[in-house]
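Chemist: What follows is each chain in one-letter form.
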Amino acid sequence: MSTTATRPRKLALDPRRAGMGRTLATAIVTLVMLGPILVVFWLALRPRLYTDITGPTLETFVYIFAETDILLWLKNSAMVSTLATIISVIVAAPAGYVLSRGRGGAVSAYSLFIFVLQSFPVVVFVIPLFIMFASVGLVDSLSGVAIIYVASSVAVACWMMSAYFDTIPVTLEEAAWIDGCSVFGGFVRIVLRNSLPGVLSTAIYAFLLAWNDYLVALVFLRSDDRFTLPIGLQTFFQQNQTDWGPVMACAVVMLTPPVLIFALLNRFFSIGGIGGALAGK
Amino acid sequence: MTGLALPAIVLMVVVNAYPVIYAGIQAVHDGDLLGLGNFVGFANFQDALTDPLFWRSARFTVIFSLCGVFGSWIIGFALALMLKPDFAGKNLFKILLLLPWIVPIVVSSMSWNWLTATPGSLLPMLAADLGFGRVMFLADPTMAMITVCIFKIWISYPFMMMMMSAALEGIEPNINEAARVDGANARQRLRYIVLPMTARSTYISWILMAMFSVNDFATIYLLTGGGPVNSTTSLIVLAYRSVFQDFRPGFGVAISFLMTAALVTMSVILLRQMRKANMQ
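For the protein sequence lines, the chains are A and B, in the order given. Per full-length UniProt numbering: the first sequence = residues 1 to 281. Per full-length UniProt numbering: the second sequence = residues 1 to 280.
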């Protein structure tokens, strides 16, 4: 590159060569860190036990789509996670706005309320919710599970939205208010319209939490046809402990959607700001 | 304006606060999963505090959380420092290094299970080649504790990397440059500039990670189930088992409450000290 030649040199070391060294070192570290994930792909290419195939094969994928309920689990997981993500953003965005702009005792109390609730483990919520949901037919239901995912992501979602709103100057809304805009109108038309990265960030967080959860699905989903991927995969794993090929093929199917979503949207994702929302006031 | 928080408040009261209160009532009763049973006062708490398994689990919870917090912070911070300057492929590595946090825990626990517990796989063979003989990574109590802690660090370092990367971006490049010109070496710049200027994010990420670690059920349960012989049973796993395997919700909830009380007290003290120090 010709630009490197014109760059001012602060160090005696050639910056391009130093950069290459860093790239190489980072590549090695990354390879080690990703070892356990590469193993998943490597094992997924193993032929099933008791077949004549030797060497790497995609036959395991054909097998799992034909012989297991993985498409159903995939559909269930997609439905639950999408529903939880949408509700979580709709609920957390206005609440985050209050946390970001609001001052005074009520807002501090609200902030503390969120923090304390966030500290309780899901195990505490699960039994009372199970009893409560049983009386309204939400046990063994995908909507019921989605509601619990919203509940467990909403605290951090509020902090994330609040952290993003902190970066939007309050003068924008004030101008709108002077022009006769309501608080809600100002929030939707001015603040929210400029908060796409914040909204996407929160949505990614809520989606990952719902997609990756194990405990809630384990307790609430009882029938085979309601299983989401974590439960389906875990059941399949327990039945086929030694047959790693198909088990890991299912695992590849499960990890693909979150990895793809993250790869596409990562430039919007930022979690660093939540500290300010948590400890700011 | 506060009306905008209403949907979130209603949701949290119904799905978070109400269950906590109900669980609080369960904690002073001896019922099963369906009925409340009889009022027993603080008997469940007494049972918990006098149960040797409770204290063993508390000890492992502390070890597990300390590893989760500081182990992942050191690795995450080191990676954030490594990824700070511009170099070829930086953005790609930044995404790739976050993958352990994005890949579902059900999947990564299976791959760690294969890596550590299958006789023909990488780590047992490596250990044998290095002359350690047959290392039982998940079957030996002490090794299982170490394996679970390393697994936790591996899952959690990306979160720390994100937190610390964001904090590092907040440091004015001029300050570091000025220190360099004044002759501060890399270690001095880390000690006197980078660490103090990221202290606030560091403390907050410690508090959050302590919360995530103490409440982390899936990481332990999926890799070892709490075994062998309860060596990797943490308080949350013990609480889960008391509720869903021994059908003693009161006892399980009492354990969770004791755990949460300790957690909240610790976080509030840390947060208060942070504000007192008025960190950047």
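Keep in mind the hints are simulated off the structure, nothing from the lab. A portion of the hints provided could be inaccurate.
What the hints assert, rightly or not - Far from chain A, by Cβ distances over 10 Å, these chain B residues were calculated:
no. : residue
1   : R59
2   : A88
3   : L97
4   : P104
5   : M110
6   : M125
7   : V135
8   : L138
9   : D140
10  : A184
11  : L190
12  : R191
13  : L195
14  : P228
15  : V229
As the list claims (entries may be wrong) - Simulated DEER-style distance windows between Cβ atoms:
no. : chain 1 : residue 1 : chain 2 : residue 2 : range
16  : A       : L196      : B       : D86       : 25 to 35 Å
17  : B       : I74       : A       : D52       : 20 to 30 Å
18  : A       : G21       : B       : R134      : 35 to 45 Å
19  : A       : L38       : B       : N230      : 27 to 37 Å
20  : B       : R180      : A       : F268      : 32 to 42 Å
21  : A       : P56       : B       : E169      : 55 to 65 Å
No residue lacks a Cβ here, since even glycine has one placed at the ideal position from N, Cα and C.
Chemist: Look at the Cβ atoms of L196 (chain A) and D86 (chain B) and judge whether their distance stays inside 25 to 35 Å.
Modeler: holds, 26 Å
Chemist: Compute the least Cβ-Cβ separation between A184 (chain B) and chain A, then decide whether it is above 10 Å.
Modeler: holds, 15 Å
Chemist: Between P56 (chain A) and E169 (chain B), does the beta-carbon spacing fit 55 to 65 Å?
Modeler: violated, 42 Å
Chemist: Do the Cβ positions of I74 (chain B) and D52 (chain A) conform to the proposed distance bound of 20 to 30 Å?
Modeler: violated, 49 Å
Chemist: So is A88 (chain B) really clear of chain A, every C-beta pair being over 10 Å apart?
Modeler: violated, 5 Å
Chemist: Determine whether the non-interface label on D140 (chain B) survives the test: each CB of chain A must be over 10 Å from its CB.
Modeler: holds, 20 Å
Chemist: Beyond 10 Å from every chain A Cβ: check whether that's true for P228 (chain B).
Modeler: Non-interface label on P228 (chain B) holds, nearest chain A Cβ at 17 Å vs cutoff 10 Å.
Chemist: Confirm or reject: M110 (chain B) is not an interface residue toward chain A, with every Cβ-Cβ distance exceeding 10 Å.
Modeler: M110 (chain B) is in fact no farther than 10 Å from some Cβ atom of chain A, at 6 Å.
Chemist: Please check whether the beta-carbon of M125 (chain B) is more than 10 Å away from every beta-carbon in chain A.
Modeler: holds, 13 Å
Chemist: For L195 (chain B), is the shortest CB-to-CB distance to chain A above 10 Å, so the non-interface label stands?
Modeler: holds, 16 Å
Chemist: Far enough from chain A: is every CB of that chain over 10 Å from the CB of V229 (chain B)?
Modeler: Nearest chain A Cβ is 21 Å from V229 (chain B), so the label holds.
Chemist: Assuming the hint says 27 to 37 Å, is it satisfied by the Cβ distance from L38 (chain A) to N230 (chain B) or not?
Modeler: For N230 (chain B) against L38 (chain A), whose Cβ atoms are near 33 Å apart, the range 27 to 37 Å holds.
Checked against the numbered hints given earlier, the structure breaks hints 2, 3, 4, 5, 17 and 21 and satisfies all the rest.
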